[in-house]
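Colleague: Use the sequences and the hints to build the structure in full.
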Amino acid sequence: DVKVTQSSRYLVKRTGEKVFLECVQDMDHENMFWYRQDPGLGLRLIYFSYDVKMKEKGDIPEGYSVSREKKERFSLILESASTNQTSMYLCASRPPELPYEQYFGPGTRLTVT
Amino acid sequence: ILNVEQSPQSLHVQEGDSTNFTCSFPSSNFYALHWYRWETAKSPEALFVMTLNGDEKKKGRISATLNTKEGYSYLYIKGSQPEDSATYLCTARLAGGTSYGKLTFGQGTILTVHP
Chain A
843 DVKVTQSSRY LVKRTGEKVF LECVQDMDHE NMFWYRQDPG LGLRLIYFSY DVKMKEKGDI
903 PEGYSVSREK KERFSLILES ASTNQTSMYL CASRPPELPY EQYFGPGTRL TVT
Chain B
91 ILNVEQSPQS LHVQEGDSTN FTCSFPSSNF YALHWYRWET AKSPEALFVM TLNGDEKKKG
151 RISATLNTKE GYSYLYIKGS QPEDSATYLC TARLAGGTSY GKLTFGQGTI LTVHP
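For the record, the sequence lines run as chains A and B. Take the position in the first sequence, starting the count at 1, then add 842; the result is the number in my numbering. Take the position in the second sequence, starting the count at 1, then add 90; the result is the number in my numbering.
If you're looking for bench data, these hints aren't it; they were derived computationally from the structure. Being a predicted model, the structure only gives us computed values, none of them experimental. Possibly wrong hints are sitting among the right ones.
[Stated by the list, open to error] Per label pair, the in silico range of CB-to-CB distance:
hint: 1; chain 1: B; residue 1: 151; chain 2: A; residue 2: 921; range: 42 to 50 Å
hint: 2; chain 1: A; residue 1: 855; chain 2: B; residue 2: 98; range: 29 to 37 Å
hint: 3; chain 1: B; residue 1: 121; chain 2: A; residue 2: 948; range: 21 to 29 Å
hint: 4; chain 1: A; residue 1: 860; chain 2: B; residue 2: 205; range: 44 to 52 Å
hint: 5; chain 1: A; residue 1: 851; chain 2: B; residue 2: 151; range: 26 to 34 Å
hint: 6; chain 1: B; residue 1: 130; chain 2: A; residue 2: 909; range: 27 to 35 Å
hint: 7; chain 1: A; residue 1: 911; chain 2: B; residue 2: 108; range: 46 to 54 Å
hint: 8; chain 1: B; residue 1: 173; chain 2: A; residue 2: 845; range: 44 to 52 Å
hint: 9; chain 1: B; residue 1: 149; chain 2: A; residue 2: 921; range: 41 to 49 Å
hint: 10; chain 1: B; residue 1: 108; chain 2: A; residue 2: 904; range: 36 to 44 Å
hint: 11; chain 1: B; residue 1: 93; chain 2: A; residue 2: 898; range: 18 to 26 Å
hint: 12; chain 1: B; residue 1: 169; chain 2: A; residue 2: 911; range: 44 to 52 Å
[Stated by the list, open to error] Taking lysine-lysine pairs in the PhoX-like style, the calculated list, with each CA pair at most 25 Å apart, reads:
hint: 13; chain 1: A; residue 1: 845; chain 2: B; residue 2: 132
hint: 14; chain 1: A; residue 1: 913; chain 2: B; residue 2: 132
hint: 15; chain 1: A; residue 1: 895; chain 2: A; residue 2: 913
hint: 16; chain 1: A; residue 1: 845; chain 2: B; residue 2: 159
The beta-carbon is built from N, C-alpha and C at its ideal position, and this holds for glycine as well.
Modeller: Next comes the structure, spelled out in structure tokens:
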């Protein structure tokens, strides 16, 4: 079974803190993705990575950065957390031989106070 | 940005009722459509991937149809059960986009099945 894990299920941080959200997949997938989900807006792509050290901006990259030093790990970084970054964050990975399906982690609910 | 719309946003049904909801997308340059089910405290789980006009897919009591010419997909649940309660996500890809599997998601339909 493909497994995508995220470092925390719930996280509470203060405004201005640097926040790291970690995602690890165990199936050697090249492609990994970070989304956020907000009520009424669906899942929106923040960043994705198609290889180690490679990254592309998604639809809402502002206020975020990412790091992919190893194939299995994709980190989302909030350099200076703000209250409008309170959201559910989902990581996903995609195997190269299936062009369509993504496998998701369980999500991290981040609250910035 | 590809616009994918789902309706309704939320739905409450009684156990045993059959229900359906809609995903609409631009019909030009269509490549593939996915349905996911996202239960509380779990990871979104892929239900169907559909690519051809007229596609019909079925998984137990859940089925889906696809009309690429008019740009919509229906998801049907027959005889809803409380364990069907979840958010149902629709997502589409256009041809010619990045090959990295970038998907555009609808807002989701939150289904609650009452015992």
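Colleague: Each hint should be assessed against the structure and marked as holding or not.
Modeller: Comparing the hints with the structure gives:
{"no.": "1", "hint": "B:151 - A:921: 42 to 50 Å", "result": "holds, 46 Å"}
{"no.": "2", "hint": "A:855 - B:98: 29 to 37 Å", "result": "holds, 34 Å"}
{"no.": "3", "hint": "B:121 - A:948: 21 to 29 Å", "result": "holds, 28 Å"}
{"no.": "4", "hint": "A:860 - B:205: 44 to 52 Å", "result": "holds, 45 Å"}
{"no.": "5", "hint": "A:851 - B:151: 26 to 34 Å", "result": "holds, 30 Å"}
{"no.": "6", "hint": "B:130 - A:909: 27 to 35 Å", "result": "holds, 30 Å"}
{"no.": "7", "hint": "A:911 - B:108: 46 to 54 Å", "result": "holds, 49 Å"}
{"no.": "8", "hint": "B:173 - A:845: 44 to 52 Å", "result": "violated, 22 Å"}
{"no.": "9", "hint": "B:149 - A:921: 41 to 49 Å", "result": "holds, 42 Å"}
{"no.": "10", "hint": "B:108 - A:904: 36 to 44 Å", "result": "holds, 43 Å"}
{"no.": "11", "hint": "B:93 - A:898: 18 to 26 Å", "result": "holds, 21 Å"}
{"no.": "12", "hint": "B:169 - A:911: 44 to 52 Å", "result": "holds, 49 Å"}
{"no.": "13", "hint": "A:845 - B:132", "result": "holds, 12 Å"}
{"no.": "14", "hint": "A:913 - B:132", "result": "holds, 24 Å"}
{"no.": "15", "hint": "A:895 - A:913", "result": "holds, 9 Å"}
{"no.": "16", "hint": "A:845 - B:159", "result": "violated, 36 Å"}
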